[in-house]
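J.: Chains as they are written, first to last, in the working numbering: chain A, 1 to 475; chain B, 476 to 950; chain C, 951 to 1425.
Possibly wrong hints are sitting among the right ones.
[Stated by the list, open to error] Straight line, CA to CA, 20 Å or less: simulated SDA-like cross-link-like pairs of lysine to any residue:
1. B/Lys820 / C/Glu1057
2. A/Lys470 / B/Gln552
3. C/Lys1420 / A/Cys108
4. B/Lys945 / C/Glu1274
Source of the hints: derived by calculation from the structure; they are not laboratory data.
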Amino acid sequence: MTTGPQPLALHDDRLFSSDPLQRAIARRLYAQVATLPIVSPHGHTDPAWFAHNAPFANATELLLVPDHYVFRMLYSQGVPLDALGIPRADGSRAEVDPREAWRVFAECFHLFRGTPSSMWLNHVFHEVFGLRVRLDASTADLYFDHINDALRQPGFLPRALFERFRIEVIATTESPLDPLEHHATIRESGWQGRVITAYRPDAVIDPEHEQFPSALQQFGELTGEDVHRWDGYLRAHRQRRAYFADMGATSTDHGHPTAATANLSRAEAARLFDTVVRGNASAAQAELFRAQMLTEMAAMSVDDGLVMQLHPGCFRNHNLGVFERYGRDKGADIPLRTEYVRALKPLLDRFGNEPNFQLILFTLDESNYSRELAPLAGHYPSLLLGPAWWFHDAPEGMWRFREQTLASGGFYNTVGFNDDTRAFLSIPARHDVARRIDCAFLAKLVAEHRMDEDEAAEVAIDLAYRLPRKAYKLG
Amino acid sequence: MTTGPQPLALHDDRLFSSDPLQRAIARRLYAQVATLPIVSPHGHTDPAWFAHNAPFANATELLLVPDHYVFRMLYSQGVPLDALGIPRADGSRAEVDPREAWRVFAECFHLFRGTPSSMWLNHVFHEVFGLRVRLDASTADLYFDHINDALRQPGFLPRALFERFRIEVIATTESPLDPLEHHATIRESGWQGRVITAYRPDAVIDPEHEQFPSALQQFGELTGEDVHRWDGYLRAHRQRRAYFADMGATSTDHGHPTAATANLSRAEAARLFDTVVRGNASAAQAELFRAQMLTEMAAMSVDDGLVMQLHPGCFRNHNLGVFERYGRDKGADIPLRTEYVRALKPLLDRFGNEPNFQLILFTLDESNYSRELAPLAGHYPSLLLGPAWWFHDAPEGMWRFREQTLASGGFYNTVGFNDDTRAFLSIPARHDVARRIDCAFLAKLVAEHRMDEDEAAEVAIDLAYRLPRKAYKLG
Amino acid sequence: MTTGPQPLALHDDRLFSSDPLQRAIARRLYAQVATLPIVSPHGHTDPAWFAHNAPFANATELLLVPDHYVFRMLYSQGVPLDALGIPRADGSRAEVDPREAWRVFAECFHLFRGTPSSMWLNHVFHEVFGLRVRLDASTADLYFDHINDALRQPGFLPRALFERFRIEVIATTESPLDPLEHHATIRESGWQGRVITAYRPDAVIDPEHEQFPSALQQFGELTGEDVHRWDGYLRAHRQRRAYFADMGATSTDHGHPTAATANLSRAEAARLFDTVVRGNASAAQAELFRAQMLTEMAAMSVDDGLVMQLHPGCFRNHNLGVFERYGRDKGADIPLRTEYVRALKPLLDRFGNEPNFQLILFTLDESNYSRELAPLAGHYPSLLLGPAWWFHDAPEGMWRFREQTLASGGFYNTVGFNDDTRAFLSIPARHDVARRIDCAFLAKLVAEHRMDEDEAAEVAIDLAYRLPRKAYKLG
């Protein structure tokens, strides 16, 4: 074991190849993208932060408790969630001194060696907080005090950080039931930061969500539509989409268990919806309804121009004991094998060649990159590939994404990086990793004489900045 | 954006590692294989080219219109197929000036950055046509004129190119219904180029092909057999296989949706065939019939010695709108997840240990390389592995093929490279990429002290030349 | 072809990157683990070797006949199993001079170029036997004589090799029906070598094993329990597990076709067992029974602390002709696509959060590393990841394992290396390969500034020594 505090450094060449030729090229490419503004078209930051601009509470509440990447690893090695103060399903919380929770984290920080969490966190410690010793048991208190002191400074308020991070635009994600009051507050505040929303209707689309009936009820109250009949339900979606678009949204997002789509007749869809509304839908009918709704959402996108995102293939809340005690989103979501070719055909049969339609596909099943997704995106004008996502947004995962999608999809059917995070302070770190990996990947192509360096420089800027602006209509 | 024409170069070390040690070894290995004759045992060039030796029409008709790798990428980024003059299903064609189509292509050439198409095309531009500036909007006309001028020279006639490319033997692919007249013409012409055929019976085997009934009718007329009865149908296959073998064929090729094989009794197979012939086959019966026919083809191979190739796992003509307007083979074929272990068992139970039987397996599902295909080929004497195919014949795909098949399959259960192309001019480029990647892969093994360099040199020659000759019985 | 004997060398830097920076780091990391004792928690050596300490017979019987990695490759290239003297199912054996078999092997040794077998064998030749020329046709006799001479020396007796190899502990694998007499002999002999057993109950759990009825009969006789009734059957398992634990076992091992688990009520399970015992189980019922038994084994592990290992996803004895003539385990086992997320849920719903329960998961389907296994192990406290296994324990496979599990699982949810071999002499070679690959992998992380070298050094020692001792409770 190491003894005492060790220095913490962020090397200028991190994530570049150690081959001197590739490294030199990567440096030159990176120099052109390092300070470009951050375009964050998909994420889960809380708009209330930017609406109210209140200080963050402390290191534990800011960096540990909300980050399931972090606490799932600790849990996997036997740390009880209660020891970290993770809130329970019933709203209660173990009485844990945040400093004690931070110490547990610090003692376990070696578990993250080599993982993206370690890279992101060290970036935050070093760049945001100016720390210069490594986190371990011996520096836990130093960290906790130092971070908490910083959080009381005006420079660490949400809007100040937003500006310091050079965020050009950030999208949050809201349910159709969300009044978007925080977005309205931001807009009315006169602050210039661009915080937009995205339409995420899963809660009012998934018949198997435990809150579907009450969500539907609310959906009707909010829109004044008869949402228990098919036509009214669709009208309610159109109405809310329009409101979201007014509040800056340029995209919708759909987190379904599979990529299944359907293309039912109006009468069939209405009948299915009746079954769903009556709470009588079987698992197969629930799946069919979600599938049909993807196609309905696509139809609305053709009309209103919102870019559609599909994030399928996750078994949510897999751990029964954790779900019962702590509820949803506690680090127990596990990827599933996912099929796209047959699943998307009904939707693509209708809208695959629509000039005004863009569907961005994500996957948690990397075996699809070269087999299904790159070939699909390399043919259909309506399809683009989202970046390496969630479990795969590590350097290795990003590299595999490029290696496995380049041949059939090229660079220009991809959309740049999504940070997809609620860990606000890590956003610069995550975009920096993505830019470095793309530059390292391009440097290899240049060093192996597959592309000229001037071309690679253009691609690097496209991936970091131009493609996300274009794909998400943020220009 | 770059301004004005940029130089076009093919670096001597392209595709080799930038690590100096690996690069030096790769150079030495490559020097031994660079100028070996091309053995092309599987492809789709048109035998009429070599029979009639007529000049190619122009750059667009030669390089753009027939190459679905190229136009699918343009289409994916919103270029209408009509703007390229792609023929429609009804035989009509948008009136497009080939020069205008070429300009569209040139303006979009950046879309191919990093893809194999860019490498192949630049190789053709540089090596075949002697161009020394990059293709872009500013050089589109220069390219179009230069290439068209060249195509009028005798050195650019098909046979002259065949010889210039040092092609030792090339296989085309024909249906059993093809009279092979072009092959006969070549043979009678006295020209020494070795152009052989391969037996591709899908059209008379797949009950779900829209032209199956008429193809069967023709099959009967051509062979004089009663092909609507099981015995006659099988005799017709044997007869045509013998004729193909007479015309040089050493192999058959089978492009089925799955790798399913079956082992029905004679009576069961005859009953199934009756159902198929009456047009009453369900999807499951059609699949079973294709499965049974693979085993029947294997039985014939045991007798006549034709090497069998299986190319499964593609969803053909996935884009409904494109299929309806432009017909088959318009860049909308998409790979499917594919299973081999259970699928092949019926066939292998009968012929897996036959000394006179060789089945070469291909895949579009790379997850099978290490899991199913290399272990199968590393055990069964009748099985060999075809190279990285179609969507996977890029440098990265070739590298993954070697990395994932080496441990269980070794080098000697693989069969060298297939170019599998109708883009005749790109054949040297494609073989060159394959040889370079194999040398780069071997150089890594040598540099990491897993193999001596004299062994690697032998393997390099085996992969480039000896193994395809042996596997396809072309020696 | 090379002419005459070539030198055989093991380079000090083998398997390290040829990049000078990475290589230098790898060397330093490796220096810390190169001579650590071997912890071999899972394998298939014969305890009789260590009990009786008799000399091995000859090169062919020691290195060729028992190693299906080796003879499957020869068989795949047309060498008959009889030519190697592989025993047949009926107990007979072709009369083959071991020297002749060895010559066949030597002539075919080039087939192994680049494979792990070649690396392991060359390590054995060089390090164990001191050979300094490469094996080929010209050196076959020299090898055969040299090895046979060595095997007659006291230094090549099993116990002497065990000590020379610095084996701290080795686990063998036995059926519940095994009396463990060899383990008893070892214990009584006073020899200090630690040879422990592991509980592998497949033969008395799998209703589809052809010897299940007789195995069950024996199981009852051995334990005195009424094993044809559910309660007695479970008691018999508990009794044998306790005996195995007495004989040093710290783990159980389960080689099922799939990872399916079940969670039936006691009454349902008892009814299912009755069906199984009567020999009436359908394929689905047999699968359900195996699934239920995994959960029962987990329940027993919670009580007795034996670590549970699950090795699913293999189609055993795929080659019908070879199975009929030569029986089981003749190199014809082929990996299958495997699912874990839904399959393990019943077991994990019961025991996934049990502090006293450890389940080590293996796979032959690498597509699961990043998709299912690393996310599962990176969340559940009860789950750990076994290393790259069987067809995947080559340098490339080990590298993929680390690359694809690091992000979600980290290093500390893995358990170090398993040699999983019956090829006793290759054990040091296999552990050396694993240590070198882990050091090379860590060196890349250090060279790319993702980890400091002092951290990497700690991880290297953890992976080579501390984690297997901890995961398998061998400390």
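J.: Would you pick out the hints that fail for this structure and give their numbers low to high?
T.: 1, 4
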